[in-house]
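One line per chain: the protein sequences are U and R, in this order.
Using the working numbering, read the first sequence as starting at 1 and increasing by one per residue.
Using the working numbering, read the second sequence as starting at 115 and increasing by one per residue.
Everything labelled a hint here was simulated from the structure, so no lab data went into it.
These numbers come from a predicted model, not from an experiment.
Be aware that one or more of the hints could be misleading.
[Stated by the list, open to error] So, partial list: chain U residues that the calculated Cβ filter (under 7 Å) puts toward chain R:
no., residue
1, 32
2, 44
3, 97
4, 105
[Said to hold, decoys possible] For lysine to aspartate or glutamate, the following EDC-like pairs were computed, each having C-alpha atoms within a straight-line distance of at most 20 Å:
no., chain 1, residue 1, chain 2, residue 2
5, U, 41, R, 117
6, U, 41, R, 198
7, U, 14, U, 88
8, R, 156, U, 22
9, R, 156, R, 198
10, U, 64, U, 88
11, R, 115, U, 59
12, U, 14, U, 87
13, R, 156, U, 88
14, U, 41, U, 87
Glycine included, every Cβ here is placed at the ideal spot set by N, Cα and C.
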Amino acid sequence: GAVVSQHPSRVICKSGTSVKIECRSLDFQATTMFWYRQFPKQSLMLMATSNEGSKATYEQGVEKDKFLINHASLTLSTLTVTSAHPEDSSFYICSASRLGNEQYFGPGTRLTVT
Amino acid sequence: KQEVTQIPAALSVPEGENLVLNCSFTDSAIYNLQWFRQDPGKGLTSLLLIQSSQREQTSGRLNASLDKSSGRSTLYIAASQPGDSATYLCAVTRGTGNQFYFGTGTSLTVIP
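Isolated chain U (complex conformation) (with noise of 0.2 Å):
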């Protein structure tokens, strides 16, 4: 099957720093990635669409000004996370699908915001 890979699998930051977090579609080229976040004890809940070449579409309630995402290939997303806030602390999950095809998922990234 399709894989996909994210980078880092864990990051720790200081409080008003940024991380940037890595989605790549190994094996297929990926037309929309999607970015999912998921709070202790709660289920997935989706951040924003992003489609290549073009911006992203995101959820009511996740500021895209905090949250960029860039998809500028068509295996390569990356979602940054600008001056970082404990809250912000989460698990990070990817998943991308090829036009007409299934969605795959990335391992995921275990944000900590110290």
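Fit chain R to the given chain U structure using the hints.
Showing chain R alone in chain U's frame:
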């Protein structure tokens, strides 16, 4: 907006028991429904995918059913094992290029 609910939220069973996890969704206009397993601190492992035109899918000791009109799905696990302990999530989507709506999850513990 699609809402997905899973019952029970937590389940503890002795090893060897058969069990059923329930999932319900409010909007029946789905493309497919997928069951995932999530181990603590880990990502998602896809277990079974049911297309909207299908009624069930089986893989090993797992069987998932779908009743699209009533907005329900069940995941049946036969002869449970301690290694089955995890959180099980169901999710629905309206199309291959569309987001998943995830359920609230069922935390399963199988006691040796």
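Hints and how they fare:
no.	hint	result
1	32	holds, 5 Å
2	44	holds, 4 Å
3	97	holds, 6 Å
4	105	holds, 5 Å
5	41(U) x 117(R)	holds, 17 Å
6	41(U) x 198(R)	holds, 18 Å
7	14(U) x 88(U)	holds, 11 Å
8	156(R) x 22(U)	holds, 17 Å
9	156(R) x 198(R)	holds, 15 Å
10	64(U) x 88(U)	holds, 14 Å
11	115(R) x 59(U)	holds, 12 Å
12	14(U) x 87(U)	holds, 12 Å
13	156(R) x 88(U)	holds, 18 Å
14	41(U) x 87(U)	holds, 15 Å
The structure shown violates none of the earlier numbered hints.
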